[in-house]
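Visitor: Single-letter residue listing:
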Amino acid sequence: MSAIYILWLRELKRYTRSRAQIVASLGQPLLYLLALGFGLGPVFQRAGNGSYLQFMAPGVIGMSVLFSSIFSGLGLLWDRQFGFLKETLVAPVSRLQIMIGRTLGGATVAVIQGMLVMVICLIAGFRPAHLWAIPLALGFMVLIALLFAALGMAIGSGLQDMQGFQLIMNFLVMPIYFLSGALFPLKNQGVVMKYVTHADPLAYGIDGMRNVLGSPLAAFDTRLDLLVLVLVGCVLLAFGAYRFHKIEI
Amino acid sequence: MIRVRNLVKSFGSFTAVNDVSFEVPAGEIFAFLGPNGAGKTTTIKMLTTLLAPTSGSIELDGLDPLRQKNEARKRFGIVFQDPSLDGDLTAAENMEIHGVLYHVPSKLRKQRTEELLKLFELWDRRGDQVKKFSGGMKRRLEIARGFLHTPRILFLDEPTLGLDPQSRNQLWTHVKRVNEAENVTVFLTTHYMDEADRVAHRVGIIDHGKLVTQGTPAEIKQQTESESLEDAFLKLTGSTIRDEGADPAAQMRQFAKMWGGKR
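Going down the list, the sequences are from chains B and V. Every letter in the first sequence is one number past the one before it in the working numbering, and letter 201, counting from 1, is 600. Every letter in the second sequence is one number past the one before it in the working numbering, and letter 159, counting from 1, is 178.
Keep in mind the hints are simulated off the structure, nothing from the lab. It should be emphasised that the depicted structure is a prediction, and the values quoted were computed from it without experimental measurement. A virtual CB, placed ideally from N, CA and C, is assigned to each residue, including glycine. Take these hints with a grain of salt, some might be off.
[As the list claims (entries may be wrong)] Across the chosen pairs, the derived CB separations fall in these ranges: (1) V:K88 with B:K586: 49 to 55 Å; (2) B:I421 with V:E238: 56 to 62 Å; (3) B:V634 with V:S76: 38 to 44 Å; (4) B:E647 with V:V231: 25 to 31 Å; (5) V:S76 with B:E647: 19 to 25 Å; (6) V:K88 with B:A434: 16 to 22 Å; (7) V:N55 with B:R418: 39 to 45 Å; (8) B:V634 with V:E78: 36 to 42 Å; (9) B:H597 with V:N25: 55 to 61 Å; (10) V:E238 with B:L566: 49 to 55 Å; (11) B:V634 with V:H220: 49 to 55 Å; (12) B:Q420 with V:N25: 49 to 55 Å; (13) B:Y641 with V:E78: 26 to 32 Å; (14) B:A423 with V:H210: 39 to 45 Å.
[Stated by the list, open to error] Okay, derived cross-link-like pairs now, DSSO-like style, lysine-lysine, Cα gap no bigger than 27 Å in a straight line: (15) V:K137 with B:K645; (16) B:K412 with V:K150; (17) V:K195 with V:K93; (18) V:K137 with V:K93; (19) B:K412 with V:K229; (20) V:K88 with V:K126; (21) V:K137 with B:K412; (22) B:K412 with V:K126; (23) V:K254 with V:K229; (24) V:K195 with V:K137; (25) B:K412 with V:K151; (26) V:K137 with V:K126; (27) B:K645 with V:K254; (28) V:K88 with V:K229.
[Said to hold, decoys possible] Calculated Cβ distances over 12 Å to all of chain V for the following chain B residues: (29) L408; (30) L425; (31) V442; (32) G500; (33) A523; (34) Y576; (35) P584; (36) H597; (37) A598; (38) R622; (39) L623; (40) C633.
The task is simple: from the sequences and hints, build the whole structure.
Guide: Here's what the structure looks like:
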C-alpha cells in the first residue's frame, strides 16, 4: 500500500512543481472554448440548438481530462529510458502496485486539470443546471481519467521512441477527441459517423457530464454512460496492468 | 555472495552471454570489463532480475533471483548506466521513495538518509530539485540511494561515464569507504581500466559474450605480460572497434541531450 501511495504522491508533486506546464496545458482548452465557443456560437444558436458554450463546456473539460490522463501513461516512454521507471522495476514491489500507483497518480492529476478547466468554463459563462451537478460531473471526470490513464499505460508500456509517440497522438488521441462529440452533437448523424462515435469511450464520458450538468443535446441515457465507462475502464485497467507487467528494460 | 554458473542469454540467433561462470565472495569489489556489446549490461540485467537467462544459474546471497525475486531485490542495490533519478523531486524525496519501495522503516530511513547524504556530501543540497544537480552530484546521489536499504551487494553499471576525473576519484573513494565500512560486495563495470586497476580486488574480462579471463589485476597483467591493465585488456580483446547498432535507448539519449537533459 505504501508503495502505491508514494508513487501516487510522486505524480502529484511533479504536477504541482511544473507550474509552466499547468498554464500551458490550460491554453488548448481555453482556445477551443473561446475561439469555437464564441466563434461558432451564433451559428449554433441560429440552428435552433441554444447556447454553444453550454453545449461544448463538458466537451472541453473532457478533452483536458483525456489529454492529461493519456499523457501520464505515455510519459512512461521517457521514464523508461532515463528515468525513474527502472528504479521502481528493480524494487521489491510487485509491478501491479507500481502500475496502480502511477495510474492513480496520472488520473488524479487529470481530474485536477479537468476541474481547473471547469472553473474557466464557469468564468466564461457556462452555467450548470444545479450546484450539486458539479460533484456528479466530477464523478464522470474520475471515470474518464482512470479509463484513459489505463489506456495510456497500456500504450506507453510498448512505446520505444518519439516517432511512436507522434503516431499515437495523431491516430489515436486526436481521433478519440474529435469523434467524441465534444464539439458537435451526436444526434442525427449518418450511419458511419454514428457507429464510429458510439465506439468512442470518451463520447460516453462527455455525454454523462452533459446529462448531469444539464447541457443541451445529450445523446445517451446517463445509466448507459456510466455502464460503458465502468466496463471499458475495467477492461483497460486490466489490459494496462498486463502490458505493464510485460515491460522489459 | 554472487555465484554464476554456465550463464547463457540468447536473443534469437544472437548469443549475448555465452556460458559465463564466476564467483564473487562477500566484501569483494569485482570489476566486469569488456568492449561495447560484449555482454556486460546483459549480465547485470540478469543478475538484477530484469532479464531471465536462457540457461544457467545465478545465486545472490544464496537466493535464486528468478524464483525469489523480491527477496533477492532487497539484498542488492543498483546504479544504472542511465540516470534513474526523478529530476523534479528533491534529493531527500528521491531517497524517501527508494526507502518506501524497499520497505525501510521510517525511522531507519531518515537516519540512513542523513548518514548517506552526509557521507556523499549532498546533505546541504537535500532540499534542491535533482535537475539542478551536476552530473557528478546525480551519480553520488544514485549511489547513496543504492546503499539506503543496506544491501549486501551493490551493482554499478558504468557509474563514472561522463564524469570529470575529480568526480570519478571522489566517487570511488566513497564507494570504497562504504565497501569497507558495511562489508558490501560491489560488482561494477567500467571502460576506464585505470579505475578498475585501482579499485577492484578482482577483475573479469568478457568479450563476445564469453569470459576471457578473471583474476586480480596483478595476475592478469602478469598473465599477459603487460604494463597496465589497459594493455592487458587490449591484448585479450583485440583492437577492433565494436560498433553497436543504434538502439532506441541511444536515440532517446541523443534526444534528451538535444532538449538539455530535462531530468
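Visitor: All hints, please: hold or fail.
Guide: We went through each hint and held it up to the structure:
1. For K88 (chain V) and K586 (chain B), the Cβ-Cβ distance of about 53 Å falls inside the hinted range of 49 to 55 Å, so the restraint holds.
2. Taking 56 to 62 Å as the suggested C-beta distance range, the pair I421 (chain B) and E238 (chain V) conforms, at roughly 59 Å.
3. In this structure, V634 (chain B) and S76 (chain V) meet the distance hint of 38 to 44 Å, their C-beta atoms being roughly 39 Å apart.
4. Between E647 (chain B) and V231 (chain V) the Cβ separation comes to about 28 Å, which falls inside the hinted range of 25 to 31 Å.
5. Taking the beta carbon of each, S76 (chain V) and E647 (chain B) are about 21 Å apart, inside 19 to 25 Å as hinted.
6. For K88 (chain V) and A434 (chain B), the hinted distance range of 16 to 22 Å is not satisfied, since their beta carbons lie about 53 Å from each other.
7. A hinted range of 39 to 45 Å for the beta carbons of N55 (chain V) and R418 (chain B) is consistent with their spacing of about 41 Å.
8. Between V634 (chain B) and E78 (chain V) the Cβ separation comes to about 41 Å, which falls inside the hinted range of 36 to 42 Å.
9. For H597 (chain B) and N25 (chain V), the hinted distance range of 55 to 61 Å is satisfied, since their beta carbons lie about 57 Å from each other.
10. A hinted range of 49 to 55 Å holds for the C-beta pair E238 (chain V) and L566 (chain B), which are about 54 Å apart.
11. Judged by the Cβ atoms, the range 49 to 55 Å given for V634 (chain B) and H220 (chain V) holds: they are separated by roughly 54 Å.
12. Remark: the range hint 49 to 55 Å for Q420 (chain B) to N25 (chain V) is upheld by a beta-carbon distance near 50 Å.
13. Between Y641 (chain B) and E78 (chain V) the beta carbons are some 31 Å apart, a value that agrees with the proposed interval 26 to 32 Å.
14. Checked against the hint of 39 to 45 Å, the pair A423 (chain B) and H210 (chain V) passes, with Cβ atoms roughly 40 Å apart.
15. This hinted pair does not check out: K137 (chain V) and K645 (chain B) have alpha carbons roughly 38 Å apart, beyond 27 Å.
16. At roughly 14 Å between alpha-carbon atoms, K412 (chain B) and K150 (chain V) fall within 27 Å of each other, so this suggested pair holds.
17. For the given pair, K195 (chain V) sits about 21 Å from K93 (chain V) by alpha-carbon distance, which is consistent with the 27 Å threshold.
18. Under the criterion of a C-alpha separation no larger than 27 Å, the hint pairing K137 (chain V) with K93 (chain V) is consistent with the structure, at around 23 Å.
19. Between the alpha carbons of K412 (chain B) and K229 (chain V) the distance comes to roughly 46 Å, so the proposed pair goes past 27 Å and is violated.
20. Note on K88 (chain V) and K126 (chain V): the hinted pairing holds, with a Cα-Cα distance of about 26 Å set against a maximum of 27 Å.
21. For the hint pairing K137 (chain V) with K412 (chain B), the CA-to-CA distance comes to about 25 Å; that is within 27 Å, so the pair holds.
22. In summary, the hint linking K412 (chain B) to K126 (chain V) is supported, as the alpha carbons are separated by about 23 Å, within the 27 Å threshold.
23. For the given pair, K254 (chain V) sits about 15 Å from K229 (chain V) by alpha-carbon distance, which is consistent with the 27 Å threshold.
24. Between the alpha carbons of K195 (chain V) and K137 (chain V) the distance comes to roughly 16 Å, so the proposed pair stays at or under 27 Å and holds.
25. Taking the CA atoms of K412 (chain B) and K151 (chain V), the gap is about 17 Å. The hint holds against a cut of 27 Å.
26. With a C-alpha separation of about 17 Å, the suggested pairing of K137 (chain V) with K126 (chain V) holds against the 27 Å cut-off.
27. A distance of roughly 41 Å separates the Cα atoms of K645 (chain B) and K254 (chain V); the hinted pair therefore is violated under the 27 Å criterion.
28. In summary, the hint linking K88 (chain V) to K229 (chain V) is supported, as the alpha carbons are separated by about 26 Å, within the 27 Å threshold.
29. At roughly 9 Å, the least C-beta separation between L408 (chain B) and chain V is not larger than 12 Å, which violates its mark as non-interface.
30. A cut-off of 12 Å between C-beta atoms confirms that L425 (chain B) is not in contact with chain V; the least separation is 19 Å.
31. Its beta-carbon lying about 42 Å from the closest one in chain V, V442 (chain B) satisfies the requirement of being farther than 12 Å from that chain.
32. Once the 12 Å rule is applied to beta carbons, G500 (chain B) is inconsistent with being away from chain V; the minimum gap is 10 Å.
33. A523 (chain B), annotated as away from the interface, keeps every beta carbon of chain V farther than 12 Å; the closest lies near 31 Å.
34. For Y576 (chain B), the shortest C-beta to C-beta distance to chain V comes to about 26 Å, beyond the 12 Å cut-off, and the non-interface label holds.
35. Taking the minimum C-beta to C-beta distance to chain V, about 41 Å, the non-interface status of P584 (chain B) holds against the 12 Å cut.
36. For H597 (chain B), the non-interface assignment is confirmed: its Cβ lies about 37 Å from the closest Cβ of chain V, beyond the 12 Å cut-off.
37. Against the 12 Å criterion, A598 (chain B) stays outside the reach of chain V, whose nearest CB is about 32 Å from its own CB.
38. The claim that R622 (chain B) lies off the interface holds: its Cβ sits roughly 40 Å from the closest Cβ of chain V, which is beyond the 12 Å cut-off.
39. With a least beta-carbon separation of about 40 Å from chain V, L623 (chain B) lies farther than 12 Å from that chain, consistent with its non-interface assignment.
40. Chain V leaves C633 (chain B) outside its interface by the beta-carbon criterion, the shortest separation being 27 Å against a cut-off of 12 Å.
Against the hints set out earlier in the document, violations occur for numbers 6, 15, 19, 27, 29 and 32.
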